[in-house]
Amino acid sequence: MPSSVIKYFSYDVASETLKIIFITEMIYLYKNVPERIYKMLKASGSKGRYFNRHIKDKFKFQKLAEE
Numbered sequence: 001m002p003s004s005v006i007k008y009f010s011y012d013v014a015s016e017t018l019k020i021i022f023i024t025e026m027i028y029l030y031k032n033v034p035e036r037i038y039k040m041l042k043a044s045g046s047k048g049r050y051f052n053r054h055i056k057d058k059f060k061f062q063k064l065a066e067e
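Quick note, the sequence shown lines up with residues 1 to 67 if you use UniProt numbering.
It is worth saying that the hints were derived from the structure and are not from the lab. Bear in mind the structure is a predicted one, so any value in this text is a computation, not a measurement. Misleading hints may appear alongside valid ones.
Stated by the list, open to error - Below, a list of computed lysine-lysine pairs in the DSS-like style, where the Cα atoms sit at most 25 Å apart:
#1 K63 to K42
#2 K7 to K56
#3 K58 to K7
#4 K56 to K31
#5 K31 to K7
#6 K42 to K31
#7 K56 to K19
#8 K63 to K19
#9 K60 to K39
#10 K60 to K42
#11 K7 to K42
#12 K31 to K58
Starting from the given sequences, assemble the full structure and let the hints guide the process.
The structure is reproduced here in structure tokens:
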């Protein structure tokens with residue numbers, strides 16, 4: 001389902017890093033994210049709501065340059 005907040009996301013199992021590109025073109029890498037969190041985000045009907053409840057302010061992140 002398309003999101004009004006998240007443009008794209010991917011997950012690296014080896015480093016437990018979740019990469020999220022927002023509609024605003026901002027790119028964030030969230031560190032030490034369990035794979036189950038990624039899978040739940042992927043399955044969520046509302047990616048933005050899931051992100052706000054389960055990822056934002058819960059994991060350390062690195063902000064990258066805009067896309």
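25 Å limit on alpha-carbon distance, applied to hinted pair K42 and K31: Given pair K42, K31 holds - Cα atoms ~17 Å apart, limit 25 Å.
Hinted pair K63 and K19, Cα distance within 25 Å: Holds - the C-alpha atoms of K19 and K63 are around 10 Å apart, at most 25 Å.
Pair hint K60 and K42, alpha-carbon separation not exceeding 25 Å: It holds: about 20 Å lies between the C-alpha atoms, which stays within 25 Å.
Holds or violated: K31 to K7, with C-alpha atoms at most 25 Å apart: holds (19 Å)
Hinted pair K60 and K39, Cα distance within 25 Å: holds (19 Å)
Hint consistency between K56 and K19 [alpha-carbon to alpha-carbon, up to 25 Å]: The hint holds at about 13 Å.
Distance restraint between K63 and K42, which requires alpha-carbon spacing of 25 Å or less: holds (21 Å)
Satisfaction of hint between K31 and K56, Cα-Cα up to 25 Å: holds (12 Å)
Hint consistency between K31 and K58 [alpha-carbon to alpha-carbon, up to 25 Å]: holds (10 Å)
Distance restraint between K58 and K7, which requires alpha-carbon spacing of 25 Å or less: Roughly 20 Å between the alpha carbons, so the hint for K58 and K7 holds.
Holds or violated: K7 to K42, with C-alpha atoms at most 25 Å apart: holds (13 Å)
Restraint check for K7 with K56, where alpha carbons must lie at most 25 Å apart: holds (16 Å)
Violated hints are absent here; each numbered hint is respected by the structure.
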